[in-house]
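Just so you know, the sequences run in chain order A and B. All residue numbers for the first sequence refer to the numbering used here, where the first residue is 193 and numbers rise by one. All residue numbers for the second sequence refer to the numbering used here, where the first residue is -3 and numbers rise by one.
Keep in mind the hints are simulated off the structure, nothing from the lab. These numbers come from a predicted model, not from an experiment. For glycine and all other residues, C-beta sits at the position ideal for the given N, C-alpha and C. It is possible that some hints are incorrect.
Short derived list, chain B residues pointing at chain A, Cβ under 7 Å [as the list claims (entries may be wrong)]:
# : residue
1 : 27
2 : 40
3 : 76
4 : 93
5 : 101
6 : 105
7 : 106
FRET-style restraints, in silico, Cβ to Cβ [unchecked claim]:
#  : chain 1 : residue 1 : chain 2 : residue 2 : range
8  : B       : 5         : A       : 222       : 23 to 29 Å
9  : A       : 254       : B       : 10        : 30 to 36 Å
10 : B       : 76        : A       : 262       : 43 to 49 Å
This is what each chain is made of:
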Amino acid sequence: AQSVTQPDIHITVSEGASLELRCNYSYGATPYLFWYVQSPGQGLQLLLKYFSGDTLVQGIKGFEAEFKRSQSSFNLRKPSVHWSDAAEYFCAVGAVNDMRFGAGTRLTVKP
Amino acid sequence: GAVVSQHPSWVICKSGTSVKIECRSLDFQATTMFWYRQFPKQSLMLMATSNEGSKATYEQGVEKDKFLINHASLTLSTLTVTSAHPEDSSFYICSATDLSGVRDTQYFGPGTRLTVL
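I would like the entire structure built from these sequences, with the hints used as guidance.
See the structure below:
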């Protein structure tokens, strides 16, 4: 069965600092992997996705993620966080018609 | 492109009444739509998957007679919460995709917050 684990419930970083959000998955085949961001009271916005090919994926808003098959991980990174990045981040795995979401990581950005 | 809207964005109703939530794909034809439920500070829980013109497929534990889903057209799906009770209060989010291959991910609506008094 497919599953996603986001080990960090809440992360606080200073504005301008780098960010890494962790995501580990369990999937029987080559996974499709996604990162979404959710602002308070809003729906989810796709940041980036990985289907195949280059394991370093670039997304919107300056985010990137790296697929590491050996570690079953798909961590999200950003070199310099902006205050507007404060939100909830969800990692998801699976096919387009059968996606499973992690529990989410809430990002707080300190001035 | 790939914009999904939901209406209403929030609704308050009395216990025992029914509430209908609409999900529309504005600039693409959505062959498949999904309905999720999200409790405060928790992840999304898939409730059901609906394909245009056919009955929805509900996840285990979701009452299909309570959460009626209709996907009558390629741009519209509706979720009706029947005889709503306070425990149905939640944030409901829909998403849509086109499995013909043009769209390779789910695109989400902004969500509907339901409060049942």
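Each hint, compared with the structure:
no.: 1; hint: 27; verdict: 9 Å, violated
no.: 2; hint: 40; verdict: 5 Å, holds
no.: 3; hint: 76; verdict: 20 Å, violated
no.: 4; hint: 93; verdict: 5 Å, holds
no.: 5; hint: 101; verdict: 6 Å, holds
no.: 6; hint: 105; verdict: 5 Å, holds
no.: 7; hint: 106; verdict: 4 Å, holds
no.: 8; hint: B/5 x A/222: 23 to 29 Å; verdict: 37 Å, violated
no.: 9; hint: A/254 x B/10: 30 to 36 Å; verdict: 46 Å, violated
no.: 10; hint: B/76 x A/262: 43 to 49 Å; verdict: 47 Å, holds
Going down the numbered hints, you'll see the structure goes against 1, 3, 8, 9, while the others check out.
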